[in-house]
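**Student:** Sequence:
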Amino acid sequence: MVNADITFLQNSADKARKSLASVEELVAATKKVVENGLVDSTNIKQLQKEVLLDSFAVKKFHRDYKEWENSTRNKFVDGQIKAYNKKYAQISRLHGQSSSLEDTLRELQTTIKLPKFEFSIQTLEQYEGGRLLEHVEKDANGEYPRRVSSEQVFSLDPNSPLPHPSYREFNELVNIEYRLRIQLQIKYEVLLRIKASLAAKNSQWATRDSTLNKFITQDLPKVILEVKKNQDE
474 MVNADITFLQ NSADKARKSL ASVEELVAAT KKVVENGLVD STNIKQLQKE
524 VLLDSFAVKK FHRDYKEWEN STRNKFVDGQ IKAYNKKYAQ ISRLHGQSSS
574 LEDTLRELQT TIKLPKFEFS IQTLEQYEGG RLLEHVEKDA NGEYPRRVSS
624 EQVFSLDPNS PLPHPSYREF NELVNIEYRL RIQLQIKYEV LLRIKASLAA
674 KNSQWATRDS TLNKFITQDL PKVILEVKKN QDE
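Counting from 1, position 171 in the sequence shown corresponds to residue 644 in the working numbering; the numbering is continuous, with no gaps.
Be a bit skeptical, because a hint or two may be false.
[Claimed, not checked] Quick list of in silico lysine-lysine cross-link-like pairs, PhoX-like style, CA-CA up to 25 angstroms:
1) 532 to 555
2) 555 to 539
3) 533 to 522
4) 589 to 611
5) 674 to 660
6) 687 to 668
7) 674 to 695
8) 532 to 522
9) 559 to 548
10) 555 to 533
Think of the hints as simulated: they come from the structure by calculation, not from any bench.
Note that this is a predicted model, so its numbers are computed, not measured.
I would like the entire structure built from these sequences, with the hints used as guidance.
**Tutor:** Put into structure tokens, the structure is as follows:
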């Protein structure tokens with residue numbers, strides 16, 4: 474489209490340049506009249522007519538040029554200036570949103586804290602092959618603590634060497650901990666039932682032992698004594 478406009482403008486300019494020839498001829502003819510005093514009215518009128526006709530070409534070129542200039546300016550404004558202003562407005566809006574998000578982030582960093590949660594060492598051992606154990610310190614005997622707080626393996630501080638927790642990680646750790654605690658609870662309840670059962674059996678045996686002891690130490694001697702009395706009689 475731009476090349477077509479330029480070609481059209483060049484053609485119009487060529488026509489305007491050619492129209493200058495009739496002007497030059499009219500000037501030359503007028504100069505002869507002044508110098509020689511001879512007037513060729515027919516030739517002069519013809520040259521004037523040609524100059525008049527050619528002036529339309531000049532005017533047309535001027536009009537075409539102004540239209541091209543206005544069109545080019547409008548296209549530049551629409552294609553460059555407006556696009557730039559639109560992009561600048563987008564950048565300004567994004568900058569404002571970014572500043573707002575940064576303010577929100579700073580506020581959240583001062584208010585949001587890690588949930589106070591303790592994981593068993595077994596949970597950390599089972600999670601991804603014990604990857605988080607590298608952040609847990611051992612005691613003097615080289616043993617890990619039985620329980621580890623969330624603040625010992627995660628941190629919200631960007632300057633901390635501890636990793637920042639993700640929802641997936643924390644959720645998986647909690648699920649492992651919950652499963653282990655459920656297993657321990659089940660084992661505990663089973664042991665309580667076994668203990669109660671043993672206590673009941675011990676009570677039964679104790680009752681039987683008491684009955685047997687009473688029979689041996691009290692009832693049986695009485696029976697023997699009665700039998701002996703009967704024999705003596």
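**Student:** Does each hint hold? Answer for all of them.
**Tutor:** Hints versus structure:
no.: 1; hint: 532 to 555; result: 32 angstroms, violated
no.: 2; hint: 555 to 539; result: 22 angstroms, holds
no.: 3; hint: 533 to 522; result: 17 angstroms, holds
no.: 4; hint: 589 to 611; result: 21 angstroms, holds
no.: 5; hint: 674 to 660; result: 21 angstroms, holds
no.: 6; hint: 687 to 668; result: 28 angstroms, violated
no.: 7; hint: 674 to 695; result: 30 angstroms, violated
no.: 8; hint: 532 to 522; result: 15 angstroms, holds
no.: 9; hint: 559 to 548; result: 15 angstroms, holds
no.: 10; hint: 555 to 533; result: 31 angstroms, violated
Consistency note: the structure conflicts with the earlier hints numbered 1, 6, 7, 10.
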